[in-house]
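2 protein chains.
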Amino acid sequence: MGKSSSKGLSEGGFKMFSLKNVLMLSIALNVGLLLNHFGLKDGILQNKVGATVAQNSSRSCFSNCTVVEEIENGGGGEKKRQELAADSVVNLDHLKHLIMFSNLKCEHSGDPTMFEPFWRKMGDRSTIVIPGWQSMSYFSDIGNLCWFLEPDFAKEIRRLHKLVGNAITEDRYIVVGTGSTQLFQAVLYALSPPDATDPVDVVSAMPYYSSYPSVTDYLKSGLYRWGGDAYTYNKEGAYIELVTSPNNPDGHTRESVVNLGGGTRVYDLAYYWPQYTPITSNVDHDLMLFTVSKSTGHAGTRIGWALVKDKEVAKRMTKFIELNTIGVSKDSQLRAAKILRTLSDSCEHMVTSDHSECFFEYGRLLMTRRWEQLRDAVRRSGMFSLPEFLPDFCKYTGVATAPHPAFAWLKCEGEVQDCESFLRSHKILTRSGMHFGADPKYVRVSMLDRNDTFKLFVERLLSINS
Amino acid sequence: MGKSSSKGLSEGGFKMFSLKNVLMLSIALNVGLLLNHFGLKDGILQNKVGATVAQNSSRSCFSNCTVVEEIENGGGGEKKRQELAADSVVNLDHLKHLIMFSNLKCEHSGDPTMFEPFWRKMGDRSTIVIPGWQSMSYFSDIGNLCWFLEPDFAKEIRRLHKLVGNAITEDRYIVVGTGSTQLFQAVLYALSPPDATDPVDVVSAMPYYSSYPSVTDYLKSGLYRWGGDAYTYNKEGAYIELVTSPNNPDGHTRESVVNLGGGTRVYDLAYYWPQYTPITSNVDHDLMLFTVSKSTGHAGTRIGWALVKDKEVAKRMTKFIELNTIGVSKDSQLRAAKILRTLSDSCEHMVTSDHSECFFEYGRLLMTRRWEQLRDAVRRSGMFSLPEFLPDFCKYTGVATAPHPAFAWLKCEGEVQDCESFLRSHKILTRSGMHFGADPKYVRVSMLDRNDTFKLFVERLLSINS
Numbered sequence: 001m002g003k004s005s006s007k008g009l010s011e012g013g014f015k016m017f018s019l020k021n022v023l024m025l026s027i028a029l030n031v032g033l034l035l036n037h038f039g040l041k042d043g044i045l046q047n048k049v050g051a052t053v054a055q056n057s058s059r060s061c062f063s064n065c066t067v068v069e070e071i072e073n074g075g076g077g078e079k080k081r082q083e084l085a086a087d088s089v090v091n092l093d094h095l096k097h098l099i100m101f102s103n104l105k106c107e108h109s110g111d112p113t114m115f116e117p118f119w120r121k122m123g124d125r126s127t128i129v130i131p132g133w134q135s136m137s138y139f140s141d142i143g144n145l146c147w148f149l150e151p152d153f154a155k156e157i158r159r160l161h162k163l164v165g166n167a168i169t170e171d172r173y174i175v176v177g178t179g180s181t182q183l184f185q186a187v188l189y190a191l192s193p194p195d196a197t198d199p200v201d202v203v204s205a206m207p208y209y210s211s212y213p214s215v216t217d218y219l220k221s222g223l224y225r226w227g228g229d230a231y232t233y234n235k236e237g238a239y240i241e242l243v244t245s246p247n248n249p250d251g252h253t254r255e256s257v258v259n260l261g262g263g264t265r266v267y268d269l270a271y272y273w274p275q276y277t278p279i280t281s282n283v284d285h286d287l288m289l290f291t292v293s294k295s296t297g298h299a300g301t302r303i304g305w306a307l308v309k310d311k312e313v314a315k316r317m318t319k320f321i322e323l324n325t326i327g328v329s330k331d332s333q334l335r336a337a338k339i340l341r342t343l344s345d346s347c348e349h350m351v352t353s354d355h356s357e358c359f360f361e362y363g364r365l366l367m368t369r370r371w372e373q374l375r376d377a378v379r380r381s382g383m384f385s386l387p388e389f390l391p392d393f394c395k396y397t398g399v400a401t402a403p404h405p406a407f408a409w410l411k412c413e414g415e416v417q418d419c420e421s422f423l424r425s426h427k428i429l430t431r432s433g434m435h436f437g438a439d440p441k442y443v444r445v446s447m448l449d450r451n452d453t454f455k456l457f458v459e460r461l462l463s464i465n466s
Numbered sequence: 001m002g003k004s005s006s007k008g009l010s011e012g013g014f015k016m017f018s019l020k021n022v023l024m025l026s027i028a029l030n031v032g033l034l035l036n037h038f039g040l041k042d043g044i045l046q047n048k049v050g051a052t053v054a055q056n057s058s059r060s061c062f063s064n065c066t067v068v069e070e071i072e073n074g075g076g077g078e079k080k081r082q083e084l085a086a087d088s089v090v091n092l093d094h095l096k097h098l099i100m101f102s103n104l105k106c107e108h109s110g111d112p113t114m115f116e117p118f119w120r121k122m123g124d125r126s127t128i129v130i131p132g133w134q135s136m137s138y139f140s141d142i143g144n145l146c147w148f149l150e151p152d153f154a155k156e157i158r159r160l161h162k163l164v165g166n167a168i169t170e171d172r173y174i175v176v177g178t179g180s181t182q183l184f185q186a187v188l189y190a191l192s193p194p195d196a197t198d199p200v201d202v203v204s205a206m207p208y209y210s211s212y213p214s215v216t217d218y219l220k221s222g223l224y225r226w227g228g229d230a231y232t233y234n235k236e237g238a239y240i241e242l243v244t245s246p247n248n249p250d251g252h253t254r255e256s257v258v259n260l261g262g263g264t265r266v267y268d269l270a271y272y273w274p275q276y277t278p279i280t281s282n283v284d285h286d287l288m289l290f291t292v293s294k295s296t297g298h299a300g301t302r303i304g305w306a307l308v309k310d311k312e313v314a315k316r317m318t319k320f321i322e323l324n325t326i327g328v329s330k331d332s333q334l335r336a337a338k339i340l341r342t343l344s345d346s347c348e349h350m351v352t353s354d355h356s357e358c359f360f361e362y363g364r365l366l367m368t369r370r371w372e373q374l375r376d377a378v379r380r381s382g383m384f385s386l387p388e389f390l391p392d393f394c395k396y397t398g399v400a401t402a403p404h405p406a407f408a409w410l411k412c413e414g415e416v417q418d419c420e421s422f423l424r425s426h427k428i429l430t431r432s433g434m435h436f437g438a439d440p441k442y443v444r445v446s447m448l449d450r451n452d453t454f455k456l457f458v459e460r461l462l463s464i465n466s
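Top line first, the protein sequences correspond to chains A and B.
Counting from 1, one number per residue, gives the positions in the first sequence under UniProt numbering.
Counting from 1, one number per residue, gives the positions in the second sequence under UniProt numbering.
Looking at chain A on its own, in the form it has when it is part of the complex (with noise of 0.2 Å):
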């Protein structure tokens, strides 16, 4: 699939061949018509608001991106700022003192800020009124095991899952919880028991998501404690499993890998969405997560959500919660429905009716324009390589697809060492595999920012070729 994905929308070795197929082949046909619908033009975005967006890109991106010293002059404060907004000119000097800061920040990224245009284009249908009146009590739902879950927002979430068809939320609690984050430190502790002598292992299998280790030891819990990559683990007793599908870093599907007892599996499911992936089953495991940040773009509102099962879990989720912030911001609640409730009506009638409003569309064809351009960047270079993925039956889509994850695993193939570095030297900044657990040869790479800073990340890393 390496080569190929730069070849277009067309090709890729399917498993299978049927009518269905030939559906795909239609929507195919239809990609022209839906780039231009959304001002994409050679696979590049066309910023109809030119000023203002350029002014938001030197603000928002710097984990995993190419346009660092945009941010890095930022953060002279608001007077630099303005004057980069003048200017508009990419300043190439400056670039140090914040290079720690960044690095800092950049731990959490993937700021999925490229689907900004698709809600843009939604224009009023997505936006939130809240009266200054609204919303002042701790409480949403006093009925509802989780008191502070607003009823709307729970109702667009299972709407949304019916709807694509990649988890059951028949017979599961709904805990929502300040972003996916917050929730998977909710489930370590209802998963941890509180009399335990000796703090629960948690496991991942490598590479794993670069935030785990930290998020799960920054305060010494006696409950639990990170306990490494989840391949090499073999220790008697309790132990917490995540398992990240489609994993992050790497893309891959992936299922639980530690076979012993004791053990309780958590997925974290934050890219299992159409426009990363095709959705093969509809899942159905006991503790799921799931983060409005990846789904729809939106993660400045900080929310996200579990499906649980086990009612005395959900509990003690919702008690964590409850001690680490009273609940979690009506507000962005609020908003989430809103967005959720838009996208599904964007892609409820998709099969018989026009595609190009659908979000789920829109964000797969651009993943896929994205790959290809990436791919044959990496091709061109000959000193790279990226993870290859066989394409599968989606049965939201109808079709074969192959994944086009959220970040792309970048290795540095020959004499280079240390990626990171290496890619820092041209401009380039990535966060290093070591994080992930993994060598340092490889870099994990952003794929969701801003078209800008994308195209000029494609273009230094085909410049280091020439």
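Careful: at least some of the hints might be erroneous.
Claimed, not checked - Keeping only pairs whose Cα atoms sit at most 30 Å apart, straight-line, the calculated DSBU-like set for lysine-lysine is:
hint, chain 1, residue 1, chain 2, residue 2
1, B, K455, B, K411
2, A, K319, B, K427
3, B, K162, B, K411
4, B, K220, A, K309
5, B, K411, B, K309
6, B, K162, A, K338
7, B, K162, A, K427
8, A, K455, A, K411
9, B, K427, B, K411
10, B, K455, A, K220
11, A, K121, B, K338
12, A, K235, B, K220
13, A, K220, A, K155
14, A, K315, B, K155
15, B, K338, A, K155
Unchecked claim - Partial list, derived from the structure: chain B residues whose beta carbon lies under 10 Å from chain A:
hint, residue
16, T113
17, E116
18, S140
19, G179
20, R254
21, V257
22, N259
23, G300
24, L334
25, H349
Hint data in this document are derived by calculation from the structure and do not stem from the laboratory.
Built from N, CA and C at the ideal position, the CB exists for glycine as well.
Chain A is already provided as a structure; the job is to place chain B on it using the hints.
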């Protein structure tokens, strides 16, 4: 003050008498006008949107409140709530199955819904509109140490403190949190030496906020642990003292009580606002915590802020919030900015123009009336007592006023040893003094609930005596 409190605004044994007191008398004369303006009659807010508020009431408050039965009936789910809303008769049966559940939630009480009518009155001035494409990024202000702090919110925080004169913001870092509960934990993380062999002791003078021990200890952190009552603390080494002023639960102004080396003081100033207490000085501590919940009544936004003198402490607090929730809801920060702006606008020209629109005046009058009603009921009973407060000169209003705290620290006098159980048997749900490190003869009662609830509470208290 106990008996005098029932006699009106113009009484109270003031410490000083000056021209400013004449101004105060003038303000007192305006009370009738103000109460009319806000729909207050005999101190009881007239419900202009009856059914809606009644339904809200049955769905929102139940911590430290008297209408536990509505909520517990509401626990039957949406159908039950619909029946209740349609019925609107307080059903005194079916009180059982949510008792435990509500106790759990009762820990975080003081749901400040009493301010709702003010914000209704403000209409569109406090309404926030957020288009779907806005605030998608994780980042708010890359040039800022606290990179997830919305600049508009920071601006309004500084403006409000300057207006009220309750805390110095010059040369302070602002760190935003998901409520002050998250900021409290961020402070513990920031002040604990990461390489210490023993956890740092966290202490507060009895009676202390009931959540401090549980929020300190729920993760069994190796960095910090609950150390109990500050009055009796006498260990060697590092410690953190929490100074809550005005104090939750008893409303008294407080200073630090531990006088050992190696300690750091954290000031929880959630209730240091003119509606609750006279503003006697522009405080200047190294670490001060505030929250929108108590200052404006918007608990559902989950927004708090810290004013931090030391840069490294502010950095570590920011790091905690990054690890805990990857920042703070942008939507709620934008909303909080709008709310604070409306508040400041409403009070900015208070001295020269109409007072009736000023939030703090509204709040102060309402709190004064409620305390009068409560003190009257307590006086008539002969079975309870309340803390006494001396008036002090408030630099903000320019008059001497007595504190009217957000909680009543009620004591059962005479034979009753377990005041919480006693009141529960009279259908008044409160929180026992035991949770605050104090005697079970005390309970904490929220003074911030919706008017219907507060009215019912006073009625039931009176019915005990008759």
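| Holds or violated: B/K162 to B/K411, with C-alpha atoms at most 30 Å apart | 37 Å, violated
| message | B/E116 was flagged as interface toward chain A. Is the shortest Cβ-Cβ separation under 10 Å? | response | 5 Å, holds
| query | For the pair supplied as a hint, A/K220 and A/K155, is the alpha-carbon distance within the 30 Å limit? | reply | Between A/K220 and A/K155 the Cα gap is close to 37 Å, so the pair fails against 30 Å, i.e. violated.
| Under the criterion of a CB-CB separation shorter than 10 Å, is B/R254 in contact with chain A as hinted? | 22 Å, violated
| query | Does B/G300 pass the interface check with chain A, least Cβ-Cβ distance below 10 Å? | reply | B/G300 check passes; min Cβ-Cβ to chain A is 4 Å, inside 10 Å.
| said: Hint check: B/K455 vs A/K220, CA-CA at most 30 Å. Holds or violated? | reply: It is violated: about 47 Å lies between the C-alpha atoms, which goes past 30 Å.
| said: Just to be careful, I want the Cα atoms of B/K455 and B/K411 compared with a cutoff of 30 Å; is the pair within it? | reply: Holds, at about 20 Å.
| Any CB of chain A closer than 10 Å to the CB of B/L334? | 8 Å, holds
| query | Are the Cα atoms of A/K235 and B/K220 separated by 30 Å or less? | reply | 23 Å, holds
| Agreement of hint B/T113 with chain A interface, Cβ distance less than 10 Å | Nearest chain A Cβ about 5 Å off; hint holds.
| said: Given the hinted pair B/K411 and B/K309, is their Cα-Cα distance within 30 Å? | reply: At roughly 39 Å apart (the allowed maximum being 30 Å), B/K309 and B/K411 break the hint.
| said: Would the hint on B/H349 be counted as holding, given a Cβ-Cβ threshold of 10 Å to chain A? | reply: Violated: closest Cβ of chain A sits about 20 Å from B/H349, beyond 10 Å.
Hint compliance for this structure: hints 3, 5, 6, 7, 10, 13, 14, 20, 21, 22 and 25 are broken, all remaining hints hold.
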